[in-house]
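Enquirer: Residue-level listing of the chains:
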Amino acid sequence: MPVYEDLQTTVIGEMKRAAIDMFMSDQGWPPHIADDSYYSLWGFIGASSYVRPGEDGSGGGEPSGFSAAGDSMAPSFDSIRGWIDDLTSKWLDLPDGSACTPHEQVARGTAAKFGVAAGGGTVEIGYIGDRNSTIDINVANGIRGAFVAPFHQKYQARFGDVCMGLGAAAAILQINYAAQAAIWPAARTDVTAICVQARDALREKADASASAYGAVTLTVIGAIAGGIASVATAGAAAPLVATMVSIAGAAAVATAGMEAHATITGSTYTELLESLGEALRILDEGITAQEQGLATMMTAAVDTMYSDLSGFNLDAFRMAPEREDGDELFMNRTNTDIISSSMRDIVDGLATAASGFGAPPSASPTPRSSGIGIGPNGTHAQAQSLHELTNRCLELTHAEYERGKGLFDATVEDFFQTDLAAASDVRALAADEALSESLGL
Amino acid sequence: MTLESRHLGPIELQGGLGGGTMDALIRLADAELPLRLEIDFPQRLDEMVVSKIDIALDNLGQLDAMARDTILGSLSGHGPAARLLQAWKANIQLGSDDSAEAFGRALLPQKATLLPDGGRSSLDRIVLVYGIGDPRVAETVTVRFQEGLGPRLDAAARG
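These protein sequence lines are chains A and B, in that order. Quick note on numbering: the first sequence equals residues 1 to 441 in our numbering. Quick note on numbering: the second sequence equals residues 1001 to 1159 in our numbering.
Quick caveat, the hints were computed from the structure, so don't treat them as lab data. Cβ atoms here follow ideal geometry from the backbone N, Cα and C, with glycine treated the same way. Be aware that a few hints might be false.
Pairwise CB distance ranges (calculated) [what the hints assert, rightly or not]:
#1 A/6 with B/1026: 50 to 56 Å
#2 A/56 with B/1018: 51 to 57 Å
#3 B/1041 with A/1: 38 to 44 Å
#4 A/55 with B/1072: 33 to 39 Å
#5 A/37 with B/1086: 51 to 57 Å
#6 A/71 with B/1009: 58 to 64 Å
#7 A/1 with B/1155: 38 to 44 Å
#8 A/72 with B/1090: 53 to 59 Å
#9 B/1010 with A/270: 41 to 47 Å
#10 B/1105 with A/37: 31 to 37 Å
#11 A/9 with B/1104: 32 to 38 Å
#12 A/72 with B/1105: 39 to 45 Å
#13 A/86 with B/1133: 56 to 62 Å
Here are some chain B residues the structure puts well away from chain A; computed CB gaps all over 12 Å [claimed, not checked]:
#14 1003
#15 1033
#16 1036
#17 1063
#18 1074
#19 1075
#20 1098
#21 1102
#22 1118
Next up, chain B with everything else stripped away, as it sits in the complex (with noise of 0.2 Å):
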C-alpha cells in the first residue's frame, strides 16, 4: 500500500526501520525548494501522518513568513542572522537600501526538512536555511520550527 501526499505524490522512503527519507522538490514563491522528508517510524506511517504532511506543505508560505519575522526579530547581537545581515551589507551596491526590511526582501530559502512523526523525543517539525543567494556568501540561518513551541533560530550555524 502505497501512501500519497498530494504535494509529494506517492510516499517511497529510502533506508531502513531505524528512519527514512524521500527527497523531493517543492514549490514556494515562484522558486523550486529541495525538501526531506525524514521519517522516524517509517512501520507506523500511515494517513494521518501523511495527512500531516500535506497541511504543512499547503501552509509553506505562511511558514515562510514566520520565519522571516523571526531572522528579523534576531538582528540585533552576534548570532547567525546578525552575522548574515553584515554578511549582505558587505555584498550590496553601494547607495542601495540596506535596511532591515531589504535584507528581509533578499532572504532566499535554500532547504527544507519536513519531520512530521517525530515524537516527544525530537521536537523539529520544519526546518528552514536561509541564504541571501548570493555565490560570495556562505553564511545561512537556520529556523526550527518546534512542536508545540514555534520557530526557533539555531544558536550556532549548521551545516
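Only chain A is shown next, with the shape it has when bound in the complex (with noise of 0.2 Å):
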C-alpha cells in the first residue's frame, strides 16, 4: 500500500497515465497489444499508432503511420494531466503534525501547574496548588484581624480561581495542538487512500475489467476524538473556568454527522476524475470543520478571558478595603513564617510557568497550500492569540502575586514592630493595590 510520499513520486503520475489510457480507450484506442508503448486502433492496428505517455503519465501523444497527417493527441493528453494537477498539487504537501507536538507539551505542563489537564489527563492539584493549601491552613490557624479577610478574599480564593483559569486556557491551547498533531497524519493517510483508489479505478476500467469499488473511509473524521478535547480541573470550577470547560468540550462535536466517507465511482475517466475532486472535498470538508472547530474554541476562551479578567489576571481584582470594626490583629510566628515562605514559593512557581509557558511559535506548526483547512496557517493567529493573552495575565499574576506577599510581610513586620518602616510600607504597598487597566499588551 502506497503511503504519502509516493503520491508525488509515483501514484499522481501513475493516475495520469491511467486516466490518458482510459480516455484513449474509451475512443478505441487501446495499448496495442504487442508493443504498449503506443495506442493504436482496437490495439491490434498497429499501422496507425499514437505515443502513450511514460509511466509516470509524461509525454506521449505524437501520432505516426496514419495516411492522412494525423493531429497529436499530447493537448488532450496535457488537458488530462492538467486536471488532475489542478484536483491534487495542493494535497502533496500536507503537514504532518509533528511540529505541534513540542507546543501541545509546554501548554500540557502549563496547565499541570495550575491544577488543570485536558485529553483524559490525570489531575493533580499541583505545586502551586499545594502551596496555596498550605497557606490556607496557616493563614486559618494562625492569623486573625481585618486585613485577613481581604487578603484571603484576594491572595488564596480569587488566586486560586485565577490559577485554574490559566490553567484551563493552557489546556485549551494544549487541545489545540494535539488535535492538529492528529488530524494531520490522518488527512495524509486519508488523501493517499483517495488517490491510490481513483488510479485504481482508472486502471481498471481501462483495462475494461468490471470492479466495485467501495467508500474510502475518511480517518481524519473524528481525529479530535472526544477525549481530546475534555478538561478536567482538580477541584470545583470557578464560573469562568467551567465556561472554558464547556468550549472545550464543543471542539470535540465539530464533525458530529459529517459525512465520513467518500466514494470514487464512475464508468469514464471524466466521471471518475470528478468523483476525485468530490472525495477530496469531502476529506477538505472534514478538515475545515474541525479546524474550525478548534479555531472557534480558542476565540471564544479569549473571549470569555476578556470579559473578565479578573478571573485570569490577579492584578485585575481590587483587594476589598478592611472593614473598621474588625478583629483585633494578632499573628504567630510559627504560621507567618510557614505563610511566607510558601507565597515565596508560589512566586517561584509563577516565575517557572511563566518561563516554561513562552511565547507562542512565530509561525504556524502546521502550513500548507491555500484551499485545504481553515486557510494556509490553520488555527495558528487563534492560537497566537489565545498564548499571548495568557501569558500576560501569567506575566501580570506573577507580580502581583509578589508584590501581595510583599504586603503580607510589611504588615507581619508591622504587628511584631521589628522593623520601623514596615507601617509606612504597608501604607505604600495598600496604596500600590490599585488596578492596572491595561494588560500592556
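Starting from two chains that each stand alone, build the complex the way the hints lay out.
Expert: This is the structure:
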C-alpha cells in the first residue's frame, strides 16, 4: 500500500497515465497488444498509432503511420494531466503534525502546574495549589484581624480561581495542538487512500474489467476524538473556568453528523476524475470543520477571558478594603513564617510557569497550501492570540502575587514592630494595590 | 448529411435505430470479398467512426496476415482449424505439398464483417471467415479480431 510520500513520486503520475489510457481506450485506441508503448486502433491495428505516455504519465500523443497527417493527442493528454494537477497538487505538501507536539507538551505542562488536565490526563492539584492549601491552613490557624478577609479573598481564593483559569487556557491550547497533531497524519492517510483508489479505478476501467469500488473511510473525521477535547480541573471550577471547560468540549462535536466516507465512482474517465474531485472536497470539509471547531474554541476562550479579566489576571482583581470594626490583629510567628515561605514558593512557581510557557510559535506548525482547511496557517492566529493573552495574564499575576507577598511580609513586620519602616511600607503597598487597567499588550 | 468512407463510398444503412448494416465489396489480395458493415449505434455514426472504418480497411492486408498466422497456430487438436486442414488434405492431389505453409497459402477469405462501434459489451471489431476455395469442402474457420485482445479463433464452427 503506497504511503503519502509516494503520491508525488509515483501515484499521481500513474494516475495520469491511467486516465489517459482510459481516455484513449474509451475512444477505441487501447495500448497495442504487442507493444504497449503505443496506442493503436482497437489495440491490434498497428500501422496507425499514438505514443503512450511514460509510466510517470508524462509525454506521449505523437501520431505515426496515419495515411493523412494525424493531429497530435498531446494537447488532450496535457489537458487531462492538468486536470489531475488542479485536483491534487495542493494536497501534496501537507504537514505531518509533528511540529505541534512540543507546543502541546508546553501547554500541557503549564496546565498541570495550575491543576488542570486536558485529553483525559490525570488531574493533580499541582505545586502552586499545594502551597496555596498550606497558606490556607496557616492563615486559618494563626492569623486574625481585619486584613485577613480581604487578603484571603484576593491572594488565596481569587488567586486559586485565576490559577485554574490560566490552567484552563493552557489546556485549551493543548487541545488545539493535540488535535492538529492528530488531524494531519490522518489527512495524509486519507488523501493517499483516495488517490490510490482513483488510480486503481482508472486502471481497471482502462483494462475493461468490471470492479466494485467501496467507499474510502476518512480517518480524519473524528481525529479530535472526544477524549482529546475534554478538560478536567482539580477541584470545583469557578464559573469562568466552567465556561472554558464547556468551550473545550464543544470542539469535539465539530464533526458530528459529517460525511465520513468518500467514494470513487464512474464509468468514464471524466466521471472518475469528477468523483476524485468530490472525494477530495469531502476530505477538505472534514479537515475544515475540525479546524473551525478548534479556532472557535480558542476565540471563545479569549472572549471569555476578556469578558472578565479578574478571573485570569490577579492584577485585575481589586482587594476589598479592611472593615473598620474588625477583629484585633493577631499573628503567630510559626504560621507567618510558613505562609511567607509558601508565598515565596508560589512566586517562584509562577515565574517558572511563565518562563516555561514562553511565547507562542512564531510560525504556524501546520502550514499547508491554501484551499485546504481554514487557511494556509490553520489555527495559528487563534492559538497565538490565546497564548499571548494567557502569557500576559500570567506575567501580571506573577508580579501582582509578588506584590501581595510584599504586603503580607510588611504587615507581619509591622505587627511584630521589628521594622520601623514596616508601617509606611504597608501603607505604600496598600495604596499601590490599584488596578492595572491595561494589560500592556 | 451523408458520411463517406474512402473505401466504401457514402455510408447508407439498412435497418432502424436498433442497428444498421451496409453490404459492400472490398478488394483483398486481388480478390473481391463481400463485406458487411454493422453499426450498433446509427444515431452516433460520425467522422470518427468512419475514419476507423477506413483505417481498418487500409490495413486489411495486415489483418489477413494476422488471421492466417492465428489459424496456422491452431492446427493441433480438433478445433475448426484442424478440421479444415484435414478437409483440405483429403481433397488435394496425391503427391502435392501438404505442408502447413501450403495450407496457409490455400486459405481464402470468404467474407468479412466490420463492427466499428460495438463498445464494451461487444468486443468483435473485424470478423474474417476463411475456407479453402473448394466447393467440396464446406468447413470454414472464423477469426474474430477483438478490441484490446487481438485475433481469436471461434471455438465452434459457425455459419
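Enquirer: Run every hint past the structure and note whether it holds.
Expert: Against the structure, the hints:
no.	hint	verdict
1	A/6 with B/1026: 50 to 56 Å	51 Å, holds
2	A/56 with B/1018: 51 to 57 Å	44 Å, violated
3	B/1041 with A/1: 38 to 44 Å	41 Å, holds
4	A/55 with B/1072: 33 to 39 Å	35 Å, holds
5	A/37 with B/1086: 51 to 57 Å	41 Å, violated
6	A/71 with B/1009: 58 to 64 Å	25 Å, violated
7	A/1 with B/1155: 38 to 44 Å	40 Å, holds
8	A/72 with B/1090: 53 to 59 Å	54 Å, holds
9	B/1010 with A/270: 41 to 47 Å	33 Å, violated
10	B/1105 with A/37: 31 to 37 Å	34 Å, holds
11	A/9 with B/1104: 32 to 38 Å	50 Å, violated
12	A/72 with B/1105: 39 to 45 Å	41 Å, holds
13	A/86 with B/1133: 56 to 62 Å	60 Å, holds
14	1003	16 Å, holds
15	1033	17 Å, holds
16	1036	18 Å, holds
17	1063	7 Å, violated
18	1074	17 Å, holds
19	1075	22 Å, holds
20	1098	31 Å, holds
21	1102	27 Å, holds
22	1118	9 Å, violated
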